[in-house]
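Asker: First to last, the protein sequences are chains A and B.
Take 4 as the starting number for the first sequence in this note's numbering and just add one per residue.
Take 2 as the starting number for the second sequence in this note's numbering and just add one per residue.
No lab work stands behind these hints: they were computed from the structure.
No residue lacks a Cβ here, since even glycine has one placed at the ideal position from N, Cα and C.
A few of these clues could be false.
[What the hints assert, rightly or not] Computed, partial: chain B to chain A, Cβ under 10 Å:
#, residue
1, Val5
2, Ser10
3, Val12
4, Tyr37
5, Asn42
6, Lys50
7, Tyr51
8, Ala93
9, Phe104
10, Tyr105
11, Gly107
12, Gly109
[To be verified] Straight-line C-alpha distance at most 16 Å; calculated EDC-like pairs for lysine to aspartate or glutamate:
#, chain 1, residue 1, chain 2, residue 2
13, A, Lys67, A, Asp91
14, B, Lys103, A, Glu62
15, A, Lys69, A, Glu55
16, A, Lys17, A, Glu90
17, A, Lys23, A, Asp68
18, A, Lys44, B, Asp9
19, B, Lys111, B, Asp86
20, B, Lys103, A, Asp68
21, B, Lys59, B, Glu16
22, A, Lys23, A, Asp91
23, B, Lys50, A, Glu106
24, B, Lys111, B, Glu16
As a plain string of letters, each chain reads:
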Amino acid sequence: GAVVSQHPSWVICKSGTSVKIECRSLDFQATTMFWYRQFPKQSLMLMATSNEGSKATYEQGVEKDKFLINHASLTLSTLTVTSAHPEDSSFYICSAKGGAGFEQYFGPGTRLTVT
Amino acid sequence: AQSVTQLDSQVPVFEEAPVELRCNYSSSVSVYLFWYVQYPNQGLQLLLKYLSGSTLVKGINGFEAEFNKSQTSFHLRKPSVHISDTAEYFCAVSDRRNNFNKFYFGSGTKLNVKP
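Only chain B is shown next, with the shape it has when bound in the complex (with noise of 0.2 Å):
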């Protein structure tokens, strides 16, 4: 079965700060990868995904991630973060294996930006 890793289950970082999530994720067949960010007592809100094409995936709110298929890695960037960036954020990985339909998610990681 699939497993993704979110190595860090809390980052904290001060405002304006740049910052790295970090995921990785075992498949070694074709994936569709996705970012999610949860606010508290909330359901999860699409950042962004990458299907194919372009390594380089731009998101909503100044995020962006890169696919690194070499190191199965799809790490989560913002170069200045912002108060309101407070949240969980989940990476999640489909595979080919299960038609894309099924959505393996990491542990999630806590971000918290201090002022």
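Next comes chain A alone, as it looks inside the complex (with noise of 0.2 Å):
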């Protein structure tokens, strides 16, 4: 149990063109998700957290209105990477928990290439 998936798995896109990338929950229901930037030979970093049918929180120094973050459903939440640029090349990851639970299971990642 506990699945969450990312679509795609990675993309490649051209500078200035958008970008979007989908976490799913598989077989539970997420009320809260969590999108993470992981930069080469870093450890991840929390962009934003979002709620079912809210408004996303960003992190401080994180571009909401670069990176846009919807969460529709219980099963699904979207970050759209506008106006991409060479320099939001990295690799994507989201994370989901469900009720009041505490443990974030993480999907596969999502890796972005702009060219």
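Two chains, two separate frames, one set of hints: put the complex together.
Answerer: In structure tokens:
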């Protein structure tokens, strides 16, 4: 149980375009989802926290207009990188937790390359 | 804010030797502690967690960790490693100030098991 999927697993896009990444909880209802960014050889940095039906809460330094997060249902959250630039290239990982639980279940990640 | 320190960025070790990966955190309030493993181009897999109770926690794949409140440490150990343990290991902490909702990750330790 507690499986989280991400789609796509990797994507290449041209500078200036937008790309959407999906995060799904497959066998539980995720009341809260988290989006992380992982730079090469570095740790995961929390970008934002989203609760179903609410606006996402962004961490300091994360541009909310650039990284659009939607959590429209209890099983799906999306991250849209708008007007992507090469510096947005990174590994994006989502996690989800259900109800009052504290444990986060992580997706397999999406590698974004902006050319 | 919480900070998590993994002092060793890389740990080389021979197969069947014991290993310890170190993790220290900064919080002075109640914490939950986690160790995750990440294989190349994959998401994070939970190895073990400390919530309360016994300070010695056993996880999957023969790993264990000990919570030391006075030293604010949560070191990960395995008495005999295998080639398949080669991966990157992340320590994570959440605390009461954020209702255990926000995870803070260390910078990771790459474990390289040699034959």
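Asker: Take the hints in turn and mark each one as holding or not.
Answerer: Verification of the supplied hints:
{"no.": "1", "hint": "Val5", "verdict": "holds, 8 Å"}
{"no.": "2", "hint": "Ser10", "verdict": "holds, 8 Å"}
{"no.": "3", "hint": "Val12", "verdict": "violated, 15 Å"}
{"no.": "4", "hint": "Tyr37", "verdict": "holds, 7 Å"}
{"no.": "5", "hint": "Asn42", "verdict": "holds, 7 Å"}
{"no.": "6", "hint": "Lys50", "verdict": "holds, 7 Å"}
{"no.": "7", "hint": "Tyr51", "verdict": "violated, 12 Å"}
{"no.": "8", "hint": "Ala93", "verdict": "holds, 8 Å"}
{"no.": "9", "hint": "Phe104", "verdict": "holds, 6 Å"}
{"no.": "10", "hint": "Tyr105", "verdict": "holds, 8 Å"}
{"no.": "11", "hint": "Gly107", "verdict": "holds, 6 Å"}
{"no.": "12", "hint": "Gly109", "verdict": "holds, 5 Å"}
{"no.": "13", "hint": "Lys67/A - Asp91/A", "verdict": "holds, 14 Å"}
{"no.": "14", "hint": "Lys103/B - Glu62/A", "verdict": "holds, 11 Å"}
{"no.": "15", "hint": "Lys69/A - Glu55/A", "verdict": "violated, 20 Å"}
{"no.": "16", "hint": "Lys17/A - Glu90/A", "verdict": "holds, 12 Å"}
{"no.": "17", "hint": "Lys23/A - Asp68/A", "verdict": "holds, 14 Å"}
{"no.": "18", "hint": "Lys44/A - Asp9/B", "verdict": "holds, 13 Å"}
{"no.": "19", "hint": "Lys111/B - Asp86/B", "verdict": "holds, 10 Å"}
{"no.": "20", "hint": "Lys103/B - Asp68/A", "verdict": "violated, 22 Å"}
{"no.": "21", "hint": "Lys59/B - Glu16/B", "verdict": "violated, 21 Å"}
{"no.": "22", "hint": "Lys23/A - Asp91/A", "verdict": "holds, 13 Å"}
{"no.": "23", "hint": "Lys50/B - Glu106/A", "verdict": "holds, 9 Å"}
{"no.": "24", "hint": "Lys111/B - Glu16/B", "verdict": "holds, 15 Å"}
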